[in-house]
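**Student:** Chain residues, written in single-letter form:
Protein chains: 2
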Amino acid sequence: MTFSYEHLFEFTKNILLKIGCSEKDAALAADVLLSADLRGVDSHGVARLSGYVRLWEKGRINAQPKIRVVHETPSTAVVDGDGGLGLVVAPYAMQVAIDKAKNAGTGWVAVKNSNHYGIAGYHAMMALEHEMIGLSLTNASPLVSPTFSKERLLGTNPISVAIPAKEQPPFVADMATTTAANGKLEILQRKNLDAPIGWVQDKEGHPTTDSNGVKKGGALLPLGGDREHGSHKGYALGAIVDIFSAVLSGANYGPWVPPFVAFLDPDPNPVGDGIGHFFGAMRVDAFRPADEFKTHMDNWITRFRKATPTPGNEKVIIPGDPERELEAERRNNGIPLLDPVVEDLSQLGERFGIKM
Amino acid sequence: MTFSYEHLFEFTKNILLKIGCSEKDAALAADVLLSADLRGVDSHGVARLSGYVRLWEKGRINAQPKIRVVHETPSTAVVDGDGGLGLVVAPYAMQVAIDKAKNAGTGWVAVKNSNHYGIAGYHAMMALEHEMIGLSLTNASPLVSPTFSKERLLGTNPISVAIPAKEQPPFVADMATTTAANGKLEILQRKNLDAPIGWVQDKEGHPTTDSNGVKKGGALLPLGGDREHGSHKGYALGAIVDIFSAVLSGANYGPWVPPFVAFLDPDPNPVGDGIGHFFGAMRVDAFRPADEFKTHMDNWITRFRKATPTPGNEKVIIPGDPERELEAERRNNGIPLLDPVVEDLSQLGERFGIKM
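Residue numbers (my numbering), protein chains in the order written: chain Z, 126 to 481; chain L, 126 to 481.
A portion of the hints provided could be inaccurate.
Remember, identical chains collapse to one label, so a pair may be satisfied in a single copy or spanning two.
Pairs of lysine-lysine residues, derived as BS3-like cross-links and limited to a Cα-Cα distance of at most 25 angstroms, are as follows [unchecked claim]:
(1) Lys291 - Lys309
(2) Lys431 - Lys328
(3) Lys149 - Lys440
(4) Lys341 - Lys191
(5) Lys340 - Lys431
(6) Lys149 - Lys309
(7) Lys316 - Lys340
(8) Lys341 - Lys431
(9) Lys316 - Lys328
(10) Lys291 - Lys227
(11) Lys316 - Lys480
(12) Lys328 - Lys440
(13) Lys431 - Lys291
(14) Lys227 - Lys316
(15) Lys480 - Lys191
(16) Lys480 - Lys149
(17) Lys440 - Lys341
(18) Lys149 - Lys183
Don't read these hints as lab results, they were simulated from the structure.
Bound-form chain Z, shown alone:
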């Protein structure tokens, strides 16, 4: 079934009001959450709404957080999210980074005591309208094994970087540091299809094509898939995201990151507070005149766009192009939701007296 953006926005906002969010926070969180659906990252969108509500029911999400800066220098800050929705904590922290950048040239903000923040790209893209480059990192529940390990010690720990251009649309990379994001696996699971080798290992640590391998105690693999194809690099990238997000901020890291699912309890001996994020904002004109920079970005993008394609492929893709095109399409024609998601949201709506 397909729903208009406006309909899903109102629904999401109303649910969040019911759990006690302020009007402003509910609207912001709905906007962040639905940007995932608009941009085609369906696993991180409204499908997760009932998951957030279950965490709130368990007392693991604070609907009325007092988010605040607890440490700062001219170009840095640490934000304590007070257990709030990451969907609200993250834009707050990114705004602090942007404000720092206005004065110091750049701003870098590590966040503790937060929760899942939706898609990384939303927050990085906040920098664009200020003629800044945006960076957004977060750690997440451990589903990924480092190279040579059977244990799940890292999340899919995404990296997003958004870079403004002039006439061209911005460059927006937003990627898990694994070969494939968990959402890609879920698509295969629903279709009963195998996964390519390099995406998953089984419980014993052997490569597997079983798309249910992670559910059976296996793990997602770092970008590269195996050592021969550079998985130690994907592992290092995921580790850097974990350390910047959580060791710098004072959040939980590695295997201590609290699980997103409410039926699994967090580690009884945490090493920090909640999950962690890391944001950066760099004023383009802290390096060279903004117009000059953006003109060269246009040239960069145009040159890559017109690169000769390999046989069977149409063109080189600039990071952010597919998501932007899908967003335009879905804003016009609506957001398709899978039947189980519609069912889940309908039940959620019934509980709170809100019609889906």
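Since the structure of chain Z is provided, determine the placement of chain L on it from the hints.
**Tutor:** The following block gives chain L in isolation, referenced to the frame of chain Z:
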């Protein structure tokens, strides 16, 4: 043949003095260059010395550069390398980043008009003794095709991040954003061995196992290898390194980056000056007390080190461990050089009246 570090250091320094470097610059450049040999990145070490000299002969390296800051804010700077050796320009720029961080919490320096800077990790590691996290990026001669392209538009564009710990040695990642670095291919070429699928594509853009594929007009592949295994992520990472290093600084980017080899001329219509780098330094205590941070880094490292290994593997490796162990070994027992490298250096020495 094996040579002591001291011998190779004196040799390298004396060659650099002969081309006109100052005593200080020659010693610094020799130190940077040989750190690659010590750490096992043999392709980036003394084997490249005659390549630097040939670029100098062509007038493409300035042995007496006036390196200077041309633009700055409290947390940023742009450095013009004046065509100097990257081996000298890069440590200068990283020091500017460190000095900025002392005052502003962090420092971020983009560099133009530079040349090949040795291993990325050397410069990132400069931050460690200041209780800072170091970041080092550089673009490089185009040898890599973006996903879906036949053209070489990116260099192997490495990312290095160095993070201090307390009792544990530091975390030091230093990686090309390709599946495999060019040096790995060279090893296979010398042994007449095939490369795994995912490292190289041929001139037509098809995957190939030919380890000479790049020399025959093909290209290195971004980390991931192909679209199904996430090569669009490796491509995006390489692109980010290119943009930070060169579009921010005013250097050449993408296919315009001047080739390292002196027998290929740079593009007659450059889009900037020389090649570009990007450095960052973040004071750990700009986020939380340094001792607290370092204690948690020890905990992070220890936990990952003792993760249960997969069958047939001994342990999980912390980024930087193998290089540090090799460095200790080679400082004691000497640096092995291949016969063609020894021959090349001997000839270089003869020309300048310096005994190899």
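**Student:** Of the hints stated earlier, which fail here?
**Tutor:** 1, 3, 4, 6, 11, 14, 15
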